[in-house]
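*Asks:* Listed here are the chains, written in short residue letters.
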Amino acid sequence: MSKRYFICKNDYDAATSRTFEPVGNVLDWSCFSLHVEDKNSIAALPGYAVEVTREVAVFGLRSWGDIRSTIKVSASDVGDNEEFDNLSYADMTQGPKVAVPMTEKRYNTILRAMKLFAKIIIEDTFNTRFEALDDSAVNLEKKVWEFLKDDVENETDFILSELAEAKGTSVESLKTLVSQKKNFYDKSVKDLYVKASALKTEFYNCTTIRQLNRLYEDYMGVPMPLTQAEEEGRVSPEGLRQDVVPGLKF
Amino acid sequence: MASELRVDQLKYTAAGSSTVPNISLNNDGSVTFGGDIDIGNNELLVNGQPFSTLPPQVPLGQDGTTAGAVLKSDGVNAYWEIVVSFAEGFAITRGYPAAGYQSSSSWRNVNRCTHSTFSMANLGDLLTSSDAYTAGAQNSSMRAYVFCTAGSWNGTGNQVSTFSMVTETNAGTATNMSTSRNRTSIMKRDFKYAYVCGNNNDSPDRYDLTNDTVTTVGGSGGSGGDNPACGYGEDNGMYKQGGNGYLFAWATQSWSAWSGAPGTDGTNKTVSTRKGFSYWNEAGGYQTGTAMTRRDSATGSNLQSVGKPGATGEETFHTGMDYGFMNGMYNGAQNNTGGSFNYSTHSFTFNSSLNSTGPGGRASAAGIEYGTLATGYTGV
Numbered sequence: 006m007s008k009r010y011f012i013c014k015n016d017y018d019a020a021t022s023r024t025f026e027p028v029g030n031v032l033d034w035s036c037f038s039l040h041v042e043d044k045n046s047i048a049a050l051p052g053y054a055v056e057v058t059r060e061v062a063v064f065g066l067r068s069w070g071d072i073r074s075t076i077k078v079s080a081s082d083v084g085d086n087e088e089f090d091n092l093s094y095a096d097m098t099q100g101p102k103v104a105v106p107m108t109e110k111r112y113n114t115i116l117r118a119m120k121l122f123a124k125i126i127i128e129d130t131f132n133t134r135f136e137a138l139d140d141s142a143v144n145l146e147k148k149v150w151e152f153l154k155d156d157v158e159n160e161t162d163f164i165l166s167e168l169a170e171a172k173g174t175s176v177e178s179l180k181t182l183v184s185q186k187k188n189f190y191d192k193s194v195k196d197l198y199v200k201a202s203a204l205k206t207e208f209y210n211c212t213t214i215r216q217l218n219r220l221y222e223d224y225m226g227v228p229m230p231l232t233q234a235e236e237e238g239r240v241s242p243e244g245l246r247q248d249v250v251p252g253l254k255f
Numbered sequence: 346m347a348s349e350l351r352v353d354q355l356k357y358t359a360a361g362s363s364t365v366p367n368i369s370l371n372n373d374g375s376v377t378f379g380g381d382i383d384i385g386n387n388e389l390l391v392n393g394q395p396f397s398t399l400p401p402q403v404p405l406g407q408d409g410t411t412a413g414a415v416l417k418s419d420g421v422n423a424y425w426e427i428v429v430s431f432a433e434g435f436a437i438t439r440g441y442p443a444a445g446y447q448s449s450s451s452w453r454n455v456n457r458c459t460h461s462t463f464s465m466a467n468l469g470d471l472l473t474s475s476d477a478y479t480a481g482a483q484n485s486s487m488r489a490y491v492f493c494t495a496g497s498w499n500g501t502g503n504q505v506s507t508f509s510m511v512t513e514t515n516a517g518t519a520t521n522m523s524t525s526r527n528r529t530s531i532m533k534r535d536f537k538y539a540y541v542c543g544n545n546n547d548s549p550d551r552y553d554l555t556n557d558t559v560t561t562v563g564g565s566g567g568s569g570g571d572n573p574a575c576g577y578g579e580d581n582g583m584y585k586q587g588g589n590g591y592l593f594a595w596a597t598q599s600w601s602a603w604s605g606a607p608g609t610d611g612t613n614k615t616v617s618t619r620k621g622f623s624y625w626n627e628a629g630g631y632q633t634g635t636a637m638t639r640r641d642s643a644t645g646s647n648l649q650s651v652g653k654p655g656a657t658g659e660e661t662f663h664t665g666m667d668y669g670f671m672n673g674m675y676n677g678a679q680n681n682t683g684g685s686f687n688y689s690t691h692s693f694t695f696n697s698s699l700n701s702t703g704p705g706g707r708a709s710a711a712g713i714e715y716g717t718l719a720t721g722y723t724g725v
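These protein sequence lines map, in sequence, to chains A and B. Following the numbering used here, the numbering of the first sequence begins with 6 at its first residue and continues without gaps. Following the numbering used here, the numbering of the second sequence begins with 346 at its first residue and continues without gaps.
Don't read these hints as lab results, they were simulated from the structure. A hint or two may mislead.
Using 27 Å as the maximum straight-line C-alpha spacing, the simulated DSSO-like pairs for lysine-lysine come out as follows [stated by the list, open to error]: (1) A/K14 with A/K195; (2) B/K653 with A/K8; (3) B/K653 with A/K102; (4) A/K77 with B/K653; (5) A/K44 with B/K653; (6) A/K120 with A/K180; (7) A/K154 with A/K120; (8) A/K120 with A/K14; (9) A/K14 with B/K653; (10) A/K8 with A/K120; (11) A/K195 with A/K124; (12) A/K8 with A/K110; (13) A/K148 with A/K195; (14) A/K148 with A/K102; (15) A/K148 with A/K124.
Treat the numbers as computed from the prediction; the structure is a model and nothing was measured.
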């Protein structure tokens, strides 16, 4: 039975679906498959769920961050890997885990998977921050804010005078306050978007898994492979690995 | 023959004949003495032995209840020895998946799994050294030990990295193991010993959790294999690697053949519970979708089949009171996938809220439990 592959946040428990099969997980996000015929489960996925190709899910995510020239795959998956790489692994040493080469195709698929996850995580994080800009205002205040902006921008007086009187201030002072708050809000939104775009571009421009590993460790607290950490001076001469601090750092 | 208290036989002595005795014979047949009962040398004797009252008793349901306790004496004073069962001795509320690996990288990272909310938190690099294919235990002060942390994937080492589950901070290293090992598993004797098994030596190292000392104990002749799966119960440990299955009696530290042992080769792991049973994989090869079995922890006998929600292996398991937890595994790749065992329905399900986080995958990590020891419980 064929499958479809999705990425969702962990707080959506797709595991309740009868055809759920986990593939992998990065931070608060999981990649999993559902059977094509499991239409109820697919329909129940949240609107933000991202569908990905089988290649990205299986061959990209499963080798997340891997910088080795030879990787290991499960013996039960050798056929799939042969098909993916278009190579024969019949001569490879057999055992529960089989060593196969890191092909250029696989390498590029890993890059795509890592970039896709970065995009999803960054966009979700900045969207949450954007929504937080309005968190302190109740719905009535949000509606009145729209009236105030309209009055200031269109030089009308639907609410300005009445509210100024109610607050015991002048119309001009209230207009100034509305303008200041609007400018601050607009600047905050702009800053969020520019920062998110810059960060996504930084990930997008990476051409190697090593570069992506570095960004993931520095920005998101996902540790890079130990070998790379040693190469990049993140392990002391005494063998002590530099701490990887949890959490997002952007 | 029933005794009678005859007033005409009560005699005045020191008080003199003019003193009125302050003794009441009540309508309900009881006798009330208005003063001390002074018998002989100020001792009340029963069958010729001094009588003393019992130590205070506390009813069932109250803190420190003496219900079911055993009355003992230290030679001078009597006291209640509170007998707490293995099942109730340790109230587990959290678990800590620690170390583990993805691809060829091992981690120092630790997560917290909160059992009441089925939620995870990334605590960062709390271990001094990383390790893959590893195991851990805790002492009564809730210090967590991860054994043979080699600082690399597939490395052999004898360092013991520790962290405090109270403060959730690095607690340095503890006494080194006697034997350097790779790919370990442990049989955990509650708050007394961790019997660390794994390749390079048939004889497990017995790590004393009360004083951090290490002693090597005799092996079975088949207990030195690579990457075993171990379990434990109240009276014994359980061991399976390749075709070798054993039960290990705590009291005698002796091995016996495990007839009808589960099918895991050791790479696919075990959930031990405090309820007298444990869940074992029935196939090897680092991952399997084959149904697990629930085993009687004392006898190893097969109690029932327990279906798996999908292929798993190299699981990062730990136990709770009513649920067992998985926080990472291998299913063709090392990943963080979470899941739980329901100890009432004996079902195993995936659960995304139990996904480990931080590193990109966490297979074959240590799983260590935090909780409160019942009053009087010191282990088994």
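*Asks:* CA of A/K148 to CA of A/K124, is that 27 Å or under?
*Replies:* violated (32 Å)
*Asks:* Mind checking the alpha carbons of A/K148 and A/K195 for me, to see if they're no more than 27 Å apart?
*Replies:* OK: A/K148 and A/K195 at ~22 Å, within 27 Å.
*Asks:* Is A/K120 close enough to A/K14, meaning Cα to Cα at most 27 Å?
*Replies:* holds (17 Å)
*Asks:* What's the verdict on A/K154 and A/K120, does the C-alpha distance respect the 27 Å limit or exceed it?
*Replies:* violated (39 Å)
*Asks:* Keeping to a limit of 27 Å between CA atoms, is the pair of A/K44 and B/K653 held or broken?
*Replies:* At roughly 23 Å apart (the allowed maximum being 27 Å), B/K653 and A/K44 satisfy the hint.
*Asks:* Between A/K8 and A/K110, is the straight-line Cα distance small enough, at 27 Å or below?
*Replies:* With a Cα-Cα distance of about 22 Å, the restraint between A/K8 and A/K110 holds, given a limit of 27 Å.
*Asks:* For a C-alpha distance cap of 27 Å, please report whether A/K120 and A/K180 respect it.
*Replies:* With Cα atoms ~45 Å apart, A/K120 and A/K180 exceed 27 Å; violated.
*Asks:* Would the hint linking A/K77 and B/K653 be met if the CA-CA limit is 27 Å?
*Replies:* holds (24 Å)
*Asks:* Within a Cα-Cα threshold of 27 Å, do B/K653 and A/K8 meet the stated pairing?
*Replies:* holds (19 Å)
*Asks:* Taken at face value, is the distance from the CA of A/K120 to the CA of A/K8 at most 27 Å?
*Replies:* holds (23 Å)
*Asks:* Are the Cα atoms of A/K195 and A/K124 separated by 27 Å or less?
*Replies:* holds (18 Å)
*Asks:* Is the straight-line distance between the alpha-carbon of A/K14 and that of B/K653 27 Å or less?
*Replies:* Holds - the C-alpha atoms of B/K653 and A/K14 are around 23 Å apart, at most 27 Å.
Violated hints, in rising order: 6, 7, 14, 15; the structure is consistent with all others.
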